[in-house]
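Listed below, chain by chain, are the residues.
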Amino acid sequence: GRACLSHTEPRTRDGRSGEEEEEEGWYQLYPGHIPTSPLQKALLAAGSAFMALYDPYRHDMVAVLGETTGCLALPNLRDKMKHHPEGYRILQERPRIRLSTLDMAKLQGLPDGSLGREYIRFLEDNKVSPDTRMPPKFVDDEELAYVIQRYREVHDLMHTLLGMPTTILGEVVVKWFEAVQTGLPMCVLGAAFGPIHLSARNLQLLATELAPWAIRSGRNASCILNVYYEQRWEQSVASLREEIGIFPPP
Amino acid sequence: AAAGLCPYRALLARRGGALRALCGSVRGLAAGPETHFGFQTVTEAERREKIYHVFENVAKKYDVMNDSMTLGVHRLWKDILLHKMNPSPGTLLLDVAGGTGDIAFRFINYVRSARERQLQQKLKHHQNLSWQEISESYQEDKFKSLGDSQVVVCDINKEMLKVGKEKAQHLGYSEGLSWVLGDAEELPFDDDKFDVYTIAFGIRNVTRIDLALQEAYRVLKPGGRFLCLEFSHVSNPLLSRLYDLYSFQVIPVLGEVIAGDWKSYQYLVESIRRFPPQEELKAMIEDAGFFKVDYQNLNSGIVAIHSGFKL
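So the sequence lines, in the order shown, correspond to chains A and B.
Quick note on numbering: the UniProt record's numbering labels position 244 of the first sequence as 244, and the sequence is numbered without any gaps.
Quick note on numbering: the UniProt record's numbering labels position 258 of the second sequence as 258, and the sequence is numbered without any gaps.
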């Protein structure tokens, strides 16, 4: 089976001992954490994969898929962060990108072409908000839960840096980039199966121009989780792209 | 990584356990009597609130989830309940915790076809009718296709009732059906009113089962019947293990994937384990004053129908 994070005792919830304290069998490692057995994770992974394809509006299913299949990729990402000075700081300080923590007025006031200004523009144009990201539930490690949370919150910044809108095509392109960057199975699956919903013309555009560029950029770029974006709002998008190693969009 | 995590986890557990014990005693002093919500210990007030929220959340996906979790078998259980009830036209039914109307709609179908059969029998035996009698019989058909039967659906949860009403409209049920917001422990009805009282998969969510049973007794007419369809206990050890495995491993996953709500379905499977088994429920029903109390196991005890009479 998939014993990614080996539990000491997968106590079956046979429910006979209702009186004891550890009734839940496992311990809640962070708020919102739902401990799950390997079997449950497998079922969740399969179910969420199916449901995410069946109903693309079920973003929560994409999130669940990421959490239940990320047991190899997430520790990898965490280690990449630990071994990098900026990434290490992020792990220590645990910044969160939320409307309540962002100074919207200041960001809007920044010059065009700066990261902050373009990020706000992206949020407005696509009518999205950083607060709609689902908190993790099924990751059985508190630090890895933060890593996946950070990945989710940085996703919108990826859109900004890659210049991709939140259309299905745009999302698929970002998934290709993220798949190469993070190795998360959810990104790989999204990149591979997302195109199902695309028109023929978009499919061709994806195959000939956008996906190859996304892959090249993904491989060339340093780890996107190692950038402390909150301290770089004034930096121009172009210069940040160059610093990370993302090629200019076609 | 796992080895490094173990002491951390153990520390959390110990701390969590002590904290919980402290909270428990403080809570016990402050608020009301203790009861259970799934496997958690809560006060009665907390339990009522939590359960209200569970059904508020699941209302829209209630029917879909029932079909998924039981692979459609819940429909058979409800059909069997109606067959056991065998209502004749003119019956007045109170369906408590009737939420999305499954029992009510089945009841209407049942008495409607019973009524049709009744009318057909009548016609067969009265071949030589005068024109007067024929026109009278047509009038009867028009106004009494249900033969004066009525069902009142009572539920404590507004969302569930809402879904039920929409379903009724969608499926074309209007005659002989009414929807009332009410609490099983304190029914908004007069004494001795109903011929039959049903509660299908609802009594498990009632906080004071004894009060609900007393209320059931009160609102039933003398001669009235109490019917309860509910998850119960499986005694067969092998089946019990498979059932537990399915309940705890699969059902919350289904809840998450289909309804986006793990916790409500975790509560559901835990509440089933907490519910009294067949004999205990039988005793409780007898305590409320019912006679000829009996139960019938369905699927080896996964579900049981309890029946009693007010004499």
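Any given hint could be a false lead.
Each computed DSSO-like pair below joins lysine-lysine, with the alpha-carbon atoms no more than 30 angstroms apart [unchecked claim]:
#: 1; chain 1: B; residue 1: LYS167; chain 2: B; residue 2: LYS263
#: 2; chain 1: B; residue 1: LYS61; chain 2: A; residue 2: LYS127
#: 3; chain 1: B; residue 1: LYS162; chain 2: B; residue 2: LYS263
#: 4; chain 1: B; residue 1: LYS60; chain 2: A; residue 2: LYS127
#: 5; chain 1: B; residue 1: LYS193; chain 2: B; residue 2: LYS292
#: 6; chain 1: B; residue 1: LYS292; chain 2: B; residue 2: LYS158
Just so you know, these hints were derived from the structure itself, not from any lab.
Just to be careful, I want the Cα atoms of LYS162 (chain B) and LYS263 (chain B) compared with a cutoff of 30 angstroms; is the pair within it?
Within the cut-off at roughly 22 angstroms; holds.
Just to be careful, I want the Cα atoms of LYS292 (chain B) and LYS158 (chain B) compared with a cutoff of 30 angstroms; is the pair within it?
Distance ~34 angstroms between LYS292 (chain B) and LYS158 (chain B) Cα, so the pair is violated.
Taking only the CA atoms, is the gap from LYS193 (chain B) to LYS292 (chain B) under or equal to 30 angstroms?
Judged against 30 angstroms, a Cα distance of about 20 angstroms means the pair holds.
Does the structure keep LYS60 (chain B) and LYS127 (chain A) at a Cα separation of 30 angstroms or less?
holds (27 angstroms)
Pair hint outcome, LYS61 (chain B) versus LYS127 (chain A) [Cα-Cα no greater than 30 angstroms]:
holds (28 angstroms)
With the threshold set at 30 angstroms, check whether the alpha-carbon distance from LYS167 (chain B) to LYS263 (chain B) stays at or below it.
holds (26 angstroms)
Consistency note: the structure conflicts with earlier hint 6 alone.
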